[in-house]
Amino acid sequence: MMDTASMSKQPTFVAPINNGLLGASRNVWESTLAAFLLPLMAILFFGGCSNSVGETSRVYKLTDERGRTVTFPSDYRGRKLVVSYIYTHCPDVCIVTTTGLEKARKQLAKSDDVTFVSITLDPRRDDTTALRQYAELRGIDTKNWHFLTGPESTVDSLLDEMSLVRRRSFIEQSQTGGELYFIDHDDPVVLWDRKGEIRARFKGTELNPDDVSQAINELP
Amino acid sequence: MNYRNRQGWSLRLGLPLLALLAACAAPEQPQLHPTGGIRITGMWGTPGIAGRVSAAYGTITNHGTEPDSLVAISSPAAPLIEVHQMVEQDGMLRMRGMKLPVAIAPGDSLAMAPGGTHLMLMELHQSLKLGDSITLHLSFAHAGKQEVRFQIGNEQNRPQN
Ligand SMILES: [Cu+2]
Chain E
15 MMDTASMSKQ PTFVAPINNG LLGASRNVWE STLAAFLLPL MAILFFGGCS
65 NSVGETSRVY KLTDERGRTV TFPSDYRGRK LVVSYIYTHC PDVCIVTTTG
115 LEKARKQLAK SDDVTFVSIT LDPRRDDTTA LRQYAELRGI DTKNWHFLTG
165 PESTVDSLLD EMSLVRRRSF IEQSQTGGEL YFIDHDDPVV LWDRKGEIRA
215 RFKGTELNPD DVSQAINELP
Chain R
53 MNYRNRQGWS LRLGLPLLAL LAACAAPEQP QLHPTGGIRI TGMWGTPGIA
103 GRVSAAYGTI TNHGTEPDSL VAISSPAAPL IEVHQMVEQD GMLRMRGMKL
153 PVAIAPGDSL AMAPGGTHLM LMELHQSLKL GDSITLHLSF AHAGKQEVRF
203 QIGNEQNRPQ N
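Here the protein sequences line up with chains E and R, keeping their order.
Start counting the first sequence at 15; every next residue gets the next number (the numbering used here).
Start counting the second sequence at 53; every next residue gets the next number (the numbering used here).
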């Protein structure tokens, strides 16, 4: 699995290799290197950079709200998947999204082949316990709705790959002397089919539950 | 006398009369301060984890004839409460703090709803789950300190108070 470091170094890594390939003189070592690196570059470039919001070509080891290991997204292949992004210090936006999705879920004609996945935008503070409480306080049945977190670097590279814009902001001094921060973020909700193809996108805060449940119902 | 004037008359006479009646009928209710016409309605709050946050929504209307302003907010539920506004900027939803006092002109309202303005309860003393109740104290420059007690619910199933 690629880590964040190799992703962020990618631009400086790609440029000199391209020059080498286009150059007229080339020794054996260079050809070998090229033969090895070209496919790797292609994977990195097309897999990592050209994706639009919600697609992923890599897998991420995450943990759900019960502490179970989840390999995202491969563990969900074969199921309809509804992916959203939240964090438990989010007072308003994430709750509008979560509440809308819960309503959509209750309207589904058949719900046992659909999994809802909410990925944290704040892996630093959102541990398994926080995510479980988030679900429990809202009365969300987590049988087919998983709240995922993981090591900061893993979650961050997943969010980066999903092109999810976010920024830490609104930092307050907490009563206990610590730092209380919030995260500005985009609010996409993405529907994947059983093969992992993206079939629909919604804006979480403007989400119409009827549209979401209909889109899920219509998927084979 | 046209319709508008008649309505004006009835409003001018009716409101103080109503206020008097209300004051007589419910003397224990602190909501109607003699110098203020602040009314707080439809309050509800969202679930929140202890140590984390919860949002409260509702409408604060100034039914009086003088400008008023929200000057302070407190609650036994949380040590830190602010008025926040959600704004969309650079493709992200941002939360922006509104400084107190927040002025409410006569006839105007401060409407708080998901995706717009909210009262933000931070560092909750206890977790708040669906069906729980909390108390807020809202202090106004003219209408004084008002107490509201309301339920924790969700957007689709707003508790009535
Ligand atoms: Cu807020």
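To be clear, the hints were calculated from the coordinates, so they are not data collected in a lab.
No experiment lies behind these values; they were computed from the predicted model shown.
Treat the hints loosely; a few may be bogus.
[To be verified] Coverage of chain R stretches by chain E, computed from C-beta distances (three or more under 8 Å per stretch; other residues unrestricted):
| # | region |
| --- | --- |
| 1 | 144-157 |
| 2 | 168-174 |
| 3 | 180-190 |
For each residue, glycine too, the CB sits at the ideal point set by N, CA and C.
Taking a Cβ-Cβ distance under 8 Å as contact, does the region 168-174 of chain R have three or more residues in contact with chain E? It holds, with 3 qualifying residues against the three required.
Would you check chain E against the region 144-157 of chain R, counting CB to CB pairs closer than 8 Å, and say if three or more residues qualify? The restraint on the region 144-157 of chain R holds, since 6 of its residues have a Cβ under 8 Å from chain E and three suffice.
Between the region 180-190 of chain R and chain E, are there enough contacts, at least three residues with CB-CB distance under 8 Å, for the coverage claim to hold? Holds: 3 residues of the region 180-190 of chain R have a Cβ under 8 Å from chain E.
In this structure, none of the earlier numbered hints is contradicted; all agree with it.
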